[in-house]
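Taken in order, these protein sequences are the chains called A and B. Quick note: the first sequence uses the working numbering, first residue 1, plus one each step. Quick note: the second sequence uses the working numbering, first residue 319, plus one each step.
Hints should not be assumed to be uniformly reliable.
Stated by the list, open to error - Selected chain A positions facing chain B (Cβ under 8 Å, derived; list incomplete):
no.: 1; residue: Phe16
no.: 2; residue: Ala88
no.: 3; residue: Trp289
no.: 4; residue: Thr296
Hints were generated in silico from the structure; no laboratory data involved. For glycine and all other residues, C-beta sits at the position ideal for the given N, C-alpha and C.
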Amino acid sequence: MSLALTLSVSFWSDQFVNGLTTGSLYALIALGYTMVYGVLKMINFAHGEVFMLGSFAGYGALVAMGGNDLSGPVIALAILGAIIVAMAASVSASVVIERLAYRPLRNAPRLAPLISAIGVSIFLQYLVLEQTSARAKFYPDIFPRGSVAAGPFEITYIQLFLIASSVAMMAVLYAIIQRTRLGRAIRAVAENPTNASLMGVDVNRTIVFVFILGAAMAGVAGVLYGLFFQTIRGSMGFIPGIKAFTAAVLGGIGSIPGAMAGGYALGLAETVGRELLNELPGINLGNQWRDVIAFTLLVAILIFRPTGIFAQRSTTRA
Amino acid sequence: MPDTPAPAWARTALRIRWPLFVALVCLLPFALSDVWVQMLVFVGLFIVLGLGLNVVVGFAGLLDLGYVAFFAAGAYTMGLLTSPGSPIDSGLNFWLILPLGVLIASGVGLLLGLPVLPLRGDYLAIVTLGFGEIIRLFLINRDDLTRGSQGLSAIPRPELFGYRIDSFTAWFYFVIAAAVLVGFCTARLRDSRIGRAWEAIREDEDVAAAMGVNTTKYKLLAFATGAAIGGLGGVIYASFIGFISPAAFSLQVSIDVLAIVIIGGMGSTPGVILGSLILIGIPRILQFRETGDFLARLEWLRDGLNGLIGAVDAAAPGSIGRLPPAETWGAQLADDTRFIIFGALLVMVMVLRPSGLWPSTRRRLEFAHEESAPPAPVTAA
C-alpha cells in the first residue's frame, strides 16, 4: 500500500487528538474492569452503569451550583466539585452493588455473579431512564472554548483538560497500587486470595477498596464525558462500558498499565485506524462503523490473543 | 435414597404429564379472547427460544449473550426471501424457507462456535455479546441489502393444506406445535449420549476431555443446535409479525431469553415455560384493558395512599407527586418499571435461589448437595 495519504496533515493530527481524548475515557473506565477482574476473576458488568451514575451526579452538582450561569474562575471550582460529587456517587453505588449483588455469590458457580451483574446493570440503567423519563440531559456549556497549538496538533482546552486529568488520575492510582500498603494488599489478593488472607490481609476489605478505586475512576470519567460530549442519558453506560472492557482485554485483563495502554490503543484504532482503513481502495466506513470496529477488535483479541497484546507473562485463559 | 414407591396413579400421572399439559394448553384459545391468545403466541415463541438457549447454557454450560444473532439470522432469511421490499425477494414458499432459515442459523452458530471454542465462562459471554451487536450493526449499516432501520415489511404468512395461518388462534397452535417439537427434541438430546457429554463439559471441561469426550465436537454441536432453534424462532417471528427491522434484534432479546432460562432454572424445560410466562406474559397482561378494569377497583387504595402521601407532603411540600389513577397502574408498571423489576429479579434469583424457580431435578440435587441437608424429594421435572 502506498503511504501517499489523500488527506491533509491537520486531518490526521485531529484524528489523533480525538483518539487520545476518547482513549483517555476508555482507559479510566477500563481500570475498574481490570482491577475487579484482577481480584475476583469476574467481569463487573455493571461498571458502565457506575460510570453513568457518576456522570448524572456530576450533572446534578453542576446544575445545583448554577449551571450555565457560572462564569470566571468559579467554573474551575464548580468542575472540581462536580468531580468530587460524581466520585462519591459512583463509589457509594459500587460499594452497595458489591455488598448486595456480588459478595453473596463469591463462592457460587462462575456464571452466577456475571448474571447478577447483568441484573444490576439493567436495574440501574432503567432506573435512571425512568427517573429522567428517558430524556437526555445536557451538561452546562461552561468549559472555556479555544485551543492550543503544538506543532501540527491543535488541541481544544476541553480535550487538553480531559487528557491531562485522566493521566493525573491514572498516575495517582498507579502510585496507590505500587507504593501504599493498600496497594500491596490489592496486588497480594490478585495474586492469590487464600495466601493473602493467611498473611493477614483482610480480603473482603481489600476487595471493597478495589471497587472503590475503580468506581472513583469511573466517576471522574463520567464528568469528563459529560463536559466533552454534553449529552448524557440513562443508557449511556453500555457502549463506553463494553469498549472499556475491550480496552482492558486489549491490554491484558488484570494488568493496570495494560488497561491504560489498551484504552489509548482502542481510542486511536477507532479514529486513526478507521481512517487508515478508509485509505484502502474500496473501503468507506462512516462514523457509524466505529462500534463495529471496536466489537470486531474485541472478538478478534479474545480469540487470537486472550492474554492481551501487551501481556508479559502468560496467565491462564478465562 | 430409599424411596417408598409412588402409588400407581401417581406414576401414570407422571408418565402422561406432558401430553396432558399440552392438551390442556390447546384448550386455552376456546376460553380466552384474542389479546390473550396473542400474548400466548409471544410466550410460546419465547419458550421456543428459551428451549434453544437452554441447550447452550443449561445443558452445555456455555454462556451465550448473543443469542439474538441466530434469531436475527432466521428472521432475516425469511424477510429477505419473501418481503417485496427486499432486493432478493424470491417469493419462495414459507415451508421451504423454514428449513433454510434453520440451516442458515445453525451455520451462523458454527461460524460463531468455531473461533470461540477455546474461550470459557465470561470471556465467552463477552465475545458472543460482541458478535450479537456486530450482527445488529451490520443489519443497520448494510442498508442496500436489508433496508437498514426502515426494515422489511409485508412478509407473507404461511399456508398449511390450503389454510392460511392468519388468526391469532392459528398462530397459537402453530407456535405450540413448534414448542412441543423443540421441547421433545431437546429432552431426547439431553437424555442421550450427546446430553451426557454436554453435561460432562458443563461440569468440568478438562475432566470431560480427559474422559474421552470430544469437547470440540460437542461444544460445536451445542452451538449449532441452539442456533438452529433460535433460527426457527426467527422464521416464525418474522412471519408472524410481518415486519422486521434491526431494532427488534437488540441485546435486549438475548438478555430476555437468557433471563427466561436463568430465572426458570437452567436446564429445566418447565423452568423455561414458567420463565417465559413470567417475563414475557406478565408484562403484556399488565397492559390489557381487563387488567385496567380490574385495577380500577383499587381506586380506594389509591385514595388512601394519596391521603398518606398528602400527610407526608404537608411536612415537606411539593416533594412527592400523587399516585396516578389505579386503572393505569398495570400499564405503567409494564412500561416504565418492567426492566427495573427485571434487573432486580435477576439479582434476587441469583442471590436467593441460584438454581432458578423451577430447577431441573439434577440441578436441584447439585445445589442442595452443598448443605448437608438430605436431597429434596424428587418431583416431576
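> Which hints, by number, does the structure contradict?
Replying inline: Failing hints, ascending: 1, 2.
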